[in-house]
Structure formats: structure tokens, C-alpha cells
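Could you put together the complete structure from these sequences and hints?
Chains as they are written, first to last, in the numbering used here: chain A, 1 to 113; chain B, 1 to 111.
In short, the hints are calculated from the structure, not lab data. Cβ atoms here follow ideal geometry from the backbone N, Cα and C, with glycine treated the same way. Be aware that one or more of the hints could be misleading.
Stated by the list, open to error - No farther apart than 25 Å at their CA atoms in a straight line, the calculated lysine-lysine pairs in the DSS-like style are these: (1) K59(B) <-> K26(A); (2) K26(A) <-> K98(B); (3) K57(B) <-> K3(B).
As the list claims (entries may be wrong) - Restraint-style ranges between C-beta atoms, simulated for each label pair: (4) T20(A) <-> Q72(B): 38 to 46 Å; (5) F60(A) <-> T26(B): 20 to 28 Å; (6) E5(B) <-> F60(A): 17 to 25 Å; (7) Q56(A) <-> L70(B): 24 to 32 Å.
One letter stands for each residue in the lines below.
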Amino acid sequence: DAGVTQSPTHLIKTRGQQVTLRCSPKSGHDTVSWYQQALGQGPQFIFQYYEEEERQRGNFPDRFSGHQFPNYSSELNVNALLLGDSALYLCASGVGGLADTQYFGPGTRLTVL
Amino acid sequence: SQKIEQNSEALNIQEGKTATLTCNYTNYSPAYLQWYRQDPGRGPVFLLLIRENEKEKRKERLKVTFDTTLKQSLFHITASQPADSATYLCALSQSWGKLQFGAGTQVVVTP
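Here it is, written out as C-alpha cells:
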């Protein structure tokens, strides 16, 4: 049973560029959440997708956007990259309607130069 | 503003002893609280969840307490082992799926 998978593993971009990160949820899960984790900090909630809609959003600017596909996989897009966007981006999946356990993927390490 | 505080200093403990980690929060009324383990360069791994109406939860060598009056959770690892060395994250939630994390406490278990 595959867990949460994310791609790519690592990514290097320059300021002003755009990036797309991808996530496949754990089998049987229909909800995907995205988190940003800066070095030495805990993960910060970006947004959550369920039934192909953004259901909740954290305190992140509109440069951060996402999408969920009919197969429940998800993308995180970040436009106009800033140096401060350098972080580990984590995807977590769960089952809709349950405020319980989230299963995290290994993350994508984004470096903005 | 809502704050979740965990000990920022690493906890160094000898193998076989009990490690106790603290999670304090302010301006928050969580529906439930979770603890995760995170190894370097990896995603967090779920350990335990405790709800606001529960006082204590156990799983193998792990125990979590939740005091909504003190706004505090304690996380215990009994009979600690070097393999328990990792960063432990406390996470709170008021609503479905939106977790707010503390910065984590690093635990180092030495043989």
C-alpha cells in the first residue's frame, strides 16, 4: 500500500520564477493538505483540498495556489518566487469528514536562489 | 495571536530513561491535539491523537496527557532507546484537517 508520494524530491529555482509541486495521496484518501516547513520550524498550513475545491486556507499570499484532480492527487503552485519561499513543502492526506490523522509525504525541498 | 510553544532546547537523555516533552498553547481552544515524530529531511509521522475531552492516551511506550485548563500537553517516551532520537512536533486543531504545529523539540537518546 503506497503512502503519500511527492515529486520532485528537490528543486532549485531563481527569484521570480514559478514552481509546481505534485502530491499523490495515500490509497483510499480523498483530502490533501499542503504545508510549508522552514528550517528549524514546524510545518505551516497553506491550504487544503477536498472534492477538488480549496476548503481551508492558511495565512499565505495568493502567489500560492493549488489544484486537486479527480483522482485526488494535488498540485501546489507558487508564482513570483521569493528567497523566503525556500523550505520543505509537505503534502498530507486524510479521509474527508474526519478530523483525525494526517499522513505526510517525504516533502519537496525547494531552494530559491 | 495563537501560540504553540515547545521546548526549543534539545532534550538529551540516557537510554532506558523516560523522556518528557511539553507543549503549551495560548489563545487557542483546540478540538484535539496530536504528536508527530520527524526525522531529518523526512515528513512528520503521526504518533498519537488526544481529544479535548480526554485526559490521557497511551500507545506502547508512548503516553500523552492533555490539560485544557492548563493549556498544556505532556508527551512521555518510557524506556527510551537510541532509535527514539528525532524531533517531536505537537500539533493542534480546531477544525477539520487544519493543523497548527509547534516548532518541535529534538530528543537525543544516548546509549
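Results of checking the hints against the structure:
A C-alpha spacing of about 23 Å is found between K59(B) and K26(A), which places the hinted pair at or below 25 Å, so the restraint holds. A C-alpha spacing of about 18 Å is found between K26(A) and K98(B), which places the hinted pair at or below 25 Å, so the restraint holds. Between K57(B) and K3(B) the CA atoms are separated by roughly 23 Å; this keeps the pair inside 25 Å, and the hint holds. In this structure the supplied range 38 to 46 Å holds for T20(A) paired with Q72(B), their Cβ-Cβ distance being about 40 Å.
With their beta carbons about 23 Å apart, F60(A) and T26(B) fall inside the hinted range of 20 to 28 Å. The hint said 17 to 25 Å for the Cβ distance between E5(B) and F60(A), and at roughly 22 Å that hint holds. Under the hint 24 to 32 Å, the C-beta atoms of Q56(A) and L70(B), about 28 Å apart, fit the expected range.
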